[in-house]
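Let's have the full structure, built from the sequences with the hints guiding it.
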Amino acid sequence: MCFKNLPIEFDAQGRPSLKAGVRDPYTYRSVSLATEEDRIKELLARNGYIKDVDFDPVTRVAGALAFHSVADLKDRRIIAANSMATLFRGYEVILKGRDPRDAIFISSRACGVCGGVHSTTSALTLEMAFPVQPPPLGIVLRNMLLGAEFLYDHPLHLFLLAGPDYSESVVRATNPAVWEKAVGTGAAHAGIHGYRTIGDILVDLNPLTGKLYLEALHHTRIAREAYVLIGAKYPHPETTVPGGVSTTVTLHTLTEFFTRLQSFFDYSKKMITLWDDLTDFFYAANPVNRRVGVRPKNFIDPGIWDDPDAYDATYQHCNEWGERRWSTPGVVIDGEVVTTKLQAMNIGVEEFVEHSYYDSWNGHPMKTDPLGAPLSPYHMWNKDTKPLPTGQNWKDRYSWATSPRWDRKSVEAGCYARLWITAAARKLPDSRFIEATGRSLKMRLPKSVLPEMEIEWKIPEEWNAFERNRARAYAEAFTALVTMENWLRAMELLKRGETRVSTKHQLPTKGRQIGAGFWGAGRGYLTHHMIMENGAIANYQILTPSTINASPRDPFGNPGPYEEAVLGTPITEEFRRQEDYKGIDILRTIRSFDPCMPCTTHVHVDGSDRVVSREVNTCACGLDD
Amino acid sequence: MTTLVAAVGYRNLRDLSFGPLVIDRLRTLSWPDHVEVEDLSYGPISAVHRFQERPVERLLLLGATRRNRVPGRLYAFRPGRLPPADEVQRRVGEALTGVISLDNLWMICRTFGVLPEDVEILEVEPSEEAWGETLTPDVERAVERAIEWVRQRVKEESEPELDLRRRDEVLQVLFWMRGEGLGDVVRPAQITGFLDVSERDLRRVLAQMATDGLVDELDHGFRLTSSGLSEGGRRFVEEFAPLLRQGHGECNDPGCPCHDGDPAACWTRHPVSL
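Chains as they are written, first to last, in the numbering used here: chain A, 8 to 632; chain B, 871 to 1144.
In short, the hints are calculated from the structure, not lab data.
Quick list of the computed label-pair ranges, beta carbon to beta carbon:
# : chain 1 : residue 1 : chain 2 : residue 2 : range
1 : B       : E1108     : A       : P183      : 46 to 54 Å
2 : A       : N541      : B       : G950      : 53 to 61 Å
3 : B       : E927      : A       : I86       : 54 to 62 Å
Glycine is no exception: its CB is placed at the ideal position from the N, C-alpha and C atoms.
Printed below as a string of structure tokens:
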């Protein structure tokens, strides 16, 4: 029984149904935020040491995110937090009425960082709706593509976007005592990453000039090269189609791919040992760092990387093929995996808009999923995107992100959810390189220039900003090894003469079809839900990891993941005067999620047709009137 | 010597699409061999990688940037000093997440040292930035002027200057082919296989070289004269000196002093001189 709040129960065969005798099973009462708002206002008015701290935009995140917080500089803690997606993403509206095959190319444009994941998720959605099942090599190549995409994505975040928060230039300015300690602290893994002291690492994390920064820039290129060998283009691939991929793959292609993949074995060793050393140092330098970005261990992930012997593209068998994925789907609540079934994950998700710039929608067209399980009126298959730009008010509406919840709980998305669920669930396919122990993921990184290395990502005791970054470094190794497994499988298929990369599909032109794509982006959870009518898209809904993480309060009064993590954050920053306070702990917290707002937000609707291609200033100061 | 004429901009955003639309037009025109035309709107970080792989000697960059000037007016300038590092890093963050901007492109490429010294920017002040495939009339009128600006800039690099560079390269190719036993007398078609030059331009260069006494024109090709041989050899050695040094710690010359017990005296460790 995985649901505690939704009125859903399971029979002996594990089939979900609505609990008997519950009237209006999905109804709820919204909690008013007015009292809390009044309390914060009063604190601000009465105490000079309580300050509004606004970041607009939050820089070094992808896209348009602003953050409002209230800091108690005397007690050194954050007492209020509001995450604001400052732009509207109009893809759901754009896709209505179109040929479903357009979705692959249009949804890709939702993001300039990781468009490939949207293309693929669209392809999966279409495969379910048409239906069409790709051949084994098509599935394996898709896995390799997404592996290459994440190999690009993780270092980009760790060294170019989040890394500068831990660099010499930032730490000297915000935590000078920590910098002093770093200079004199030896690095435990110097033999692998080559840095004698922590101070040396911090210097090379400096933006634009640091060697680690520049090295990451170089590696993003290698991963992109690997991607385009199959995808032809990045970030918007040309070869993703329903039913597989539309490219010819030869031994030569695979060899070229491997020469690039190989470089990530050593790079992963370096990334992991660097972030292990950094994390351990920051904990030792100030144990309060363990509380930076803390929030409950609640995660959601649809899994990724299909087993070609299991995936049949149907919703009917999604629980079976889902659990055969290289990354196990599921939900973690309070550190425990409560389900690994894609169906349970899917029917538990609802999107609320009480604190977002959207009008609520009426109707409940899909009362059950294709297997007969109950579906909430707030589920994506029932959702209607109705933009409602209004004034910003912390009590009411303040974000273009919705509030997605699973079982009405705030859950977090991230590549680390992938590691967590896969490690704990122990459903990982047999692997030459990876072992799930129930408490950890053991990985064997092959010899390259550096010798073979055994590494182990252990499910952490506490969940904070540092563990998010550390886990992201381990996710690079996990990705490289899963990609290697798929590369070996591709070689095997070629050897056997199974060279077919796609299955011909037929676009249904009559009736109603339903599809869903359960997949992942570099930063975690990604789903597309579609309803087709008479050959055209009737409804298309994209739910991204950053919509989940950047979400505002839900109607039950619970903060979204960024907000919750910032609310739990202590202030470790050193400052003499209040006006010197920079808010580095808040920024480290938010950036540890790897926020990527382009797919959460896109087009500013302001009573005009002006399109905003970069962030808008929302002026968070004094906006509660 | 490559001159890259490139554009930056969003498509389907009315006047912000100025750069890519001008590039579409430029692609339909013919340009000298050393001129490449490319749309660089795929992101500054990828553009860094592009320039690392294929450097250019000159860059002409076109786009639209809102700076609150007269809509439709063209502004040509050379990029100034880079902003502070914090600002560049902010732009790297934007670039990594898909923001397409002319300023981001040159600032980031310059920061990472991949831009040539010779960069000129031509930008138009946009009037409208809404969805749409067409330019506003003001900006539409600027398209022809932008094309003319590119033509003028490309013309500025005169043919004689280019031909001097080509002559250097032809001398080296003829010297190398002779040394490798590939032939004393070489047809122009054999040379174009090695050089980025059309046969028409090559024949003009060879004719001038014959006049200058560097090659003899024979019935079935061209042959280096003694002064051509000397010039070709000198240029070849200068060009390839780093590659002509000792490799893999081996010296195959039995007459070299390193075989008498002094490795530092090895001829292969010193620049070759003829």
